[in-house]
Amino acid sequence: MFKRILVANRGEIALRVIRACREMGIETVAVHSEADRDAPYLELADEVICVGPARAADSYLRIDRIISAAEVGNAQAIHPGYGFLSENAHFAEVCRSCDITFIGPTPEAMQRLGDKNSARALARAAGVPTVPGSDGLVTSEEDAVRIARSIGFPVLLKATAGGGGKGMRVAANDLALAGAWQQASAEAQAAFGNPGIYIERYVERPRHVEIQILGDQHGTMVHLWERDCSTQRRHQKLIEESPSPRLPTATREAMCAAAVRLAAAAGYHSAGTVEFIVDQQDNFYFIEVNARIQVEHPVSEMVTGIDLLKAQIRVAAGERLGLVQDDIRPRGHAIECRINAEDPAANFRPCPGRIERIIAPGGFGVRFDSHAAAGYVVPPNYDSLIGKLIVHQPTRSGAIETMARALRELRIEGVRTTVPLHLDLLASAPFHEARIDTTFVERWLAGASS
Amino acid sequence: MFKRILVANRGEIALRVIRACREMGIETVAVHSEADRDAPYLELADEVICVGPARAADSYLRIDRIISAAEVGNAQAIHPGYGFLSENAHFAEVCRSCDITFIGPTPEAMQRLGDKNSARALARAAGVPTVPGSDGLVTSEEDAVRIARSIGFPVLLKATAGGGGKGMRVAANDLALAGAWQQASAEAQAAFGNPGIYIERYVERPRHVEIQILGDQHGTMVHLWERDCSTQRRHQKLIEESPSPRLPTATREAMCAAAVRLAAAAGYHSAGTVEFIVDQQDNFYFIEVNARIQVEHPVSEMVTGIDLLKAQIRVAAGERLGLVQDDIRPRGHAIECRINAEDPAANFRPCPGRIERIIAPGGFGVRFDSHAAAGYVVPPNYDSLIGKLIVHQPTRSGAIETMARALRELRIEGVRTTVPLHLDLLASAPFHEARIDTTFVERWLAGASS
Amino acid sequence: MKPTKASENKTAGKTAEGKGADASAGTGGVFDERRVKRLIKLMKRHDLSEIDLQQADERVRIRRGGAVVTVPADGLPGAGAATARAAGALPAVNAAGPGDADGGRVVVVTSPMVGTFYRASGPDAASFVKVGDRIEPEKTVCIIEAMKVFNEIPAGVSGQVVAILVENGAPVEFGQPLLKVDPEH
Amino acid sequence: MKPTKASENKTAGKTAEGKGADASAGTGGVFDERRVKRLIKLMKRHDLSEIDLQQADERVRIRRGGAVVTVPADGLPGAGAATARAAGALPAVNAAGPGDADGGRVVVVTSPMVGTFYRASGPDAASFVKVGDRIEPEKTVCIIEAMKVFNEIPAGVSGQVVAILVENGAPVEFGQPLLKVDPEH
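Here the protein sequences line up with chains A, B, C and D, keeping their order. All letters in the first sequence, in the order written, are residues 1 to 450 by this note's numbering. All letters in the second sequence, in the order written, are residues 1 to 450 by this note's numbering. All letters in the third sequence, in the order written, are residues 1 to 185 by this note's numbering. All letters in the fourth sequence, in the order written, are residues 1 to 185 by this note's numbering.
Keep in mind that the hints were calculated from the coordinates and are not lab data. Please note that the accuracy of each hint is not assured.
In silico BS3-like pairs for lysine-lysine, Cα to Cα no more than 25 Å straight-line [claimed, not checked]:
hint: 1; chain 1: C; residue 1: K139; chain 2: C; residue 2: K180
hint: 2; chain 1: C; residue 1: K148; chain 2: B; residue 2: K3
hint: 3; chain 1: A; residue 1: K237; chain 2: A; residue 2: K116
hint: 4; chain 1: A; residue 1: K237; chain 2: A; residue 2: K166
hint: 5; chain 1: A; residue 1: K3; chain 2: D; residue 2: K148
hint: 6; chain 1: B; residue 1: K116; chain 2: B; residue 2: K166
Bound-form chain A, shown alone (with noise of 0.2 Å):
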C-alpha cells in the first residue's frame, strides 16, 4: 500500500480523498493555490504545498508542477478527484513516466473512453446499445429522409464540428426535416466553417441514470448499481438518488450489466461511471464514460456501505477488490443535494465570501460531506460547491423527509447557497412523484416565476 500520497484538487472532494487517506492509514500531501492558503481541510494533511497562484490554470492545472510537488513531497502516487486534471490521459502518462501511480485507470483506457466517437465504437462492439443514428455524415436531403425514417422520427440533427446548440434542429417528420437539413448545414457552416450534418434520434424528456463501476487489476469488475442525476438545471447537476425511481427492475440490470461488459472490454480498472439516459418507454443508450470518481460518489456509498474513496485506493495499489457482484447488495434509498454559494433567487449568481457562521445537520441517516467551517472564505475563482448534504432511509419518501429536516438545519451564514431551491425542488410535485427528467427543472422554474 501507498505511504503517502498526494492529492491533486482542492474543497470538498480533497477532503474527502485526506479523509480516506486517514482511516487507512495513509499521509497525505495536499497541494494548493493561494487563494486556498487558509482553507480548513489543508489542517488535515500531513504536508502542504503551495503550486501556484489563484488561477487553476496557473496551479491545480499545472501537471510539471503537481508532479514536482509530488516529488519533493515523496509522495507514492496521486489522487486527481474530479475535474481539474483527473480526465487528463497526458497526466496520467507524466505520472506513470515519473513512477508516480496515477489513483485512476490507465491512459489507454483513458484515451478508448476519452474520444466519444471511439467509446461508442467500444460500445457498440460490446452490445451495449447507443442513440441509433447515421454512422457518418450525412450528404443529402435524401440521405437524410432514408436515414431518419431508419431510426424513427423525432431526430436530431447535429453539427459534427458543432457546441452550444449551434447547427442542432429537431425533425418531427420528413417535411420538417428537409427545411431543418438544409438551415442546420447552413448555420454550421456559418458557425464553424464545416457545414458537415450527422443525425440521431431525438430522445424527448430524457432521464440521467449512472452505474457506479468498480473494477481492479486481476480482472474483477463490479458495478454499484445507479444513480439518478435528471434532475439538473442547464446540465448542472442538483440532486442524485440512487435508485432510480421507476425504473423497470430488468432495464437496470441490463444497464448494470452493459456498463460492466463495456468497462471491462475497455481494460478499465478503478471506479469510474457509465452514463446512460433513458427515455420514457425505459429504452437507454450509452452516452459517455467518466473516468474518475465523481461529485455524486456518495449516494452509491450510502446504498451499498462501500466506500468507493478507500477501494479506489486499494485498486490502485494493486489490490485485490475482495468483493464480488453478490455482496453488494443496495439497502433503502439515498439522496445527494449540492450545496453552491449561489444565490437562486438572483438566477445563481455565485456568492463568493466569507462564511461566517456554519451548523452542519446531524441524526439518523444524515451525512455532510464540507470542506467549509466558520471563517472559511469562499473563493472567487473556482466552483461553487460548497458542500454535499446526503441522506440515506429505507424509502424514497423517508430520504425525502430527512433531507427537508437536514436542509431546514443546515445554517450557513455569510454566503448565498441553494438550499431554498433544494428545499422548493424536493417538495415540488415532480421531483415528489417522481416524474423526472433532465427538463423538469427548468420547466418547473419557469412555472413556478410565471
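Got chain A; can you put chains B, C and D on it based on the hints?
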C-alpha cells in the same frame, strides 16, 4: 398519528426527538428550564415553554409543570427521552389520566420491570437466565456455605438494603466465606440498620451486552440485535458498539430470543433494552430492563438501518410495526463515543462553559448527534454529554479507523472534552483486540498512569 | 412531506425568533448577531424600549427595559396562600442598579408556573386587578390554571398596577411577565 | 489504526500550525484566535519578528515582517533566462508603505515553482550567491530542480544579499521566500 408532541427532556435527546418529529410532519413543543433558555435546538421546535428554574427537580422532573405545558401547548403525546421522567411509572399514569399518550411502555409494564426482584422473577418464569443466587436472605453461616456450594464459587455477598458497595464481599471458597459473611452482615447492620445478606454468583470481568427490543400494541415484538457497552468507567458507559465482538453466534441468538421472550411476558411495547452480563465462558445472565430509549440507541440504528425514534413514536400512536424479525438484518459494525464536557486529564472533572467554536466531522460512515453549536453554553446543572459520535463501517477495524479519523477532525473549543480519552482508548491494546469487559478501562487507566 | 410551520399560539420568551425555511439565511438573516447589535445600539441611542421587525417568515423582536425588577408572583415572603401553590419557584428579587433609568422603577410580576392565565375568577366576574389599582403583596392578581387546578397568584409586591401583560385565557410559561407594578405609589 | 503524524520535512507557509490529537483543544488551544491576537499585540509592542511556541503536539508560530517587498524570482522585467522558466507566476511587486519600518527596506525573492532548492550548480561548485554579495537582476541566485529539470532562478532585483532562507537541498513551494535582498545597497 399525533399532530403535536411535547418533548419532556433536554440536550441531544430532545434534539433527536425533534428531528424525528420534523421528518414525520409532527409539531413539537419543547420544554426547557431557565438554564437551557438559549439552547440552539429550541429554535427547531414549533413551540417553546419554560417550565422552571435550572434545578431539574424544579423543572424537568416536575410532573405537574410538564403536564401543564402539554395542555397549554395542545400536545397529544409526551416523549420523555431518557433519564428525568422516562422510567417514572407514576408519570406515565398521570399522562394516561390526562388523556396524553406517554411514548413508552404502559405503567403496568414499567412497574413489572422497574422493580428488580419482580423483573428477575418474570425472567426466570420466561426461561431467561439470571445470575444464580439465594432465593431469599441467608440466615446463617451454614446456610451461606450450603448455598455458595450449590451455585459455585466465587460468590458475591450483598446487603439486601444496600447500595454503593457497602456490605458487599467476594468469597472464593468456604473458608473465606465464613469471615466474609460475618463482616458483610455487620457492615450492613452498621450502614443500613439491616443485617440481611443474600448471595449470588460473582461474575468476574463480565461483559455488558444489551439487546434492543421493539414492540407494537398488536403483538409484534422484535429485537434489533445487541450492543456491547463493556467499555465503561465507574459504571459510566464511554463507548458502545454493535455487534458485540467475540460473542459466539449461538449465544447472541439465544440472548436475543431471551430478550424477546421476557419483553413479551411483561406485556411490553415501545422501544426498550434488556441488559445482560456475559461471563468469560459466554454464559449470559439477565440484569434489568431499561424501559426507554437509550443514549446508545444510534449504534443499533446504524447496523439495522431502522430509525428507532420514529418507530417508537409510531407504535405509541397505535400503528403496527410493519416489520418482522427477518427484515432486521444487521450490516457492518457501528461504534459510538460519548463526547462529554469533562477533563480526562483532571479526573473527569465536568467542564461546563461556553463553546467558542465547533467543527463537526463528516464523510462516509460518520454521524454526529449534538445539541451544541458555537456560542452554546454547557450549563453546570445537568449531565456533561455534549454529543455522540457514531460511525458505521463494514468491519470493526474499519469502524475504529473511521472513529479515530472523525475524533481527530472534531474540534470543540472552549471546554475540555473526553475526545483525547477516546483516541487513547481506541488505540489501546485491549480495545483494539476486543479483549473488553466492564473492568478493563479502569485497569487500563491505572496501568497507563503508573 | 409536510414542512413544519411556526405554531400560532407561540408562547413568549425568546427575544429573536426565526422559523421555517430560512436555513440558509445569509448576512441579512434574523440570526445575524451583528444586525442585532446594530439594532441594540440604535435602541440605546434613541432610548427605545422595543423594536419589532417582520417581513415574510422572518421576525426580529428586541425589547429593552428601563429599571426593571422581576418578581416571581409568589416569590416574596408573606405572600398570601393561593388555592394551590407551586413550590420551588423562589428566585431572589433582582434589584436594579440606579442610573439605568427610563423614569421610575418598575417591578415585573412573573408567572411561577406553566398554565392558562385568567384575569377573573369566572367569565362574568370582575377582573382581580386593573391598571391603576393599588395592590398589596397578598392581593390575588390572576388565576393560572394548570392540570385542572386553579391557582390564585398573589402579587408579592405592593404598588400601583402599571400594565397587565397577558391576555385573558392565554397560555403562560414559567417566568413569563404577567404585570408591571410601580412600587413607589 | 495508525495515528497520522505531522511529517518531518514539512514545507513552510503556514503562520500558525497545530497537528495531531488536539481535536478537543480548549480555550487554550492553538486555534484560539484571542490568544493569537494577544501574541500579535505583544509582538508589535516589543517589535518582534517571530514567535514560535511549542509544547508536546502543539505549536504556535507567528512571523511578522518589517517593511518587506515580495518579489517573485523571475517576476521582474529583464530578468535573465533560466535553463527552463516556469510561466504564469507573475504577481505584482508589493510595495510596502512607509512608517512600517524596522530599519531598512528588504526585498524577499520568492520561488516561482515547486521543487528542490540548490545553492550551487553541483556538490563541488561554489554557491551562486552568499550573504553580503552585491547582485543584479539577471544574476542566478539558485537552481530549483523540478521534474529532473534544473531551473536557474534569477534574482529579479538588484542590491545586497542580506539572508539566504532555504537550506541546500530542501524542498520549496510556490511563493516560498528564498532570499532577502537590501535594494538600497
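Next item on the list: Just pull the numbers of the violated hints for me, sorted ascending.
Entry: none
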